[in-house]
Amino acid sequence: MRREAPSQIMAFMKWSDDLSVGVKEIDGQHQRLVSLINDLHDAMLAKRGKDVLGKVLAGLAAYTQYHFSAEEQYMQKFGYAGLAAHRREHQAFVAKVGEFAQGFEEGRLGLSIQVMNFLSQWVATHIRGSDTRYTDCFHEHGLS
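For the sequence shown, full-length UniProt numbering assigns the number 1 to the initial residue and increments by one for each residue that follows.
Hints in this document: simulated from the structure, not taken from any laboratory.
Ideal Cβ placement from N, Cα and C applies to all residues, glycine included.
One thing to keep in mind: the hints can contain errors.
[As the list claims (entries may be wrong)] DSBU-like, lysine-lysine: derived pairs with alpha carbons at most 30 Å apart: (1) Lys47 x Lys14; (2) Lys24 x Lys55; (3) Lys14 x Lys24; (4) Lys55 x Lys14; (5) Lys77 x Lys96; (6) Lys96 x Lys55; (7) Lys24 x Lys96; (8) Lys77 x Lys24; (9) Lys50 x Lys14; (10) Lys96 x Lys47; (11) Lys14 x Lys96; (12) Lys96 x Lys50.
[Stated by the list, open to error] The following label-pair restraints were derived from C-beta to C-beta distances: (13) Met10 x Gln76: 34 to 40 Å; (14) Asp39 x Ala84: 30 to 36 Å; (15) Ile113 x Lys55: 19 to 25 Å.
Take the sequences, apply the hints, and build the full model.
Written as structure tokens, this is what we have:
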């Protein structure tokens, strides 16, 4: 009997319309983050080796920083009033992911469903809350 890869069975985190901020570029980046979280979950379920999991986690961390930087650049360019608070949220998340990555590399922390839940819940909550607040500002400046 052929067994399918976990991602072919069911995604851990699903993209849905309520995660859209109505800005094509940012929505694409958010979809990529969801995909990377699913890749990490799939690698964890498949019991991939530490080197593979480490690379997937590092890729997620790097893309997250890229995405946050892109968002913050637009916020700064458009004079978004919530930039400072938004940046603090980003910094706290990057620090937490860094803790996960360091703990994993040092063998103090394994990737668990609790870590996966934290990642997916934080991303979804942040998009639905903080990110949707900048939508009007971005649209007013022609970004849609």
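Do the hints match the structure? See the list:
1. For the given pair, Lys47 sits about 21 Å from Lys14 by alpha-carbon distance, which is consistent with the 30 Å threshold.
2. Between Lys24 and Lys55 the CA atoms are separated by roughly 28 Å; this keeps the pair inside 30 Å, and the hint holds.
3. At most 30 Å may separate the alpha-carbon atoms for a hinted pair to count; Lys14 and Lys24 meet this at roughly 18 Å.
4. Under the criterion of a C-alpha separation no larger than 30 Å, the hint pairing Lys55 with Lys14 is consistent with the structure, at around 22 Å.
5. Taking the CA atoms of Lys77 and Lys96, the gap is about 27 Å. The hint holds against a cut of 30 Å.
6. About 17 Å separates the Cα atoms of Lys96 and Lys55, which keeps this hinted pair within 30 Å; it holds.
7. Distance hint between Lys24 and Lys96 is fulfilled; the C-alpha atoms sit about 27 Å from each other, no more than 30 Å.
8. Between the alpha carbons of Lys77 and Lys24 the distance comes to roughly 18 Å, so the proposed pair stays at or under 30 Å and holds.
9. At most 30 Å may separate the alpha-carbon atoms for a hinted pair to count; Lys50 and Lys14 meet this at roughly 25 Å.
10. The straight-line distance between the Cα atoms of Lys96 and Lys47 is roughly 23 Å, inside the 30 Å bound, and the hint therefore holds.
11. Taking the CA atoms of Lys14 and Lys96, the gap is near 22 Å; set against the 30 Å cutoff, the hint holds.
12. For a cut-off of 30 Å, the pair hint linking Lys96 to Lys50 stands: about 19 Å separates their Cα positions.
13. Distance hint check for Met10 and Gln76: the Cβ-Cβ separation is about 39 Å, which falls inside the suggested range of 34 to 40 Å.
14. At about 32 Å, the beta-carbon gap between Asp39 and Ala84 stays in the expected band of 30 to 36 Å.
15. Remark: the range hint 19 to 25 Å for Ile113 to Lys55 is upheld by a beta-carbon distance near 20 Å.
The structure meets every hint from the earlier list without exception.
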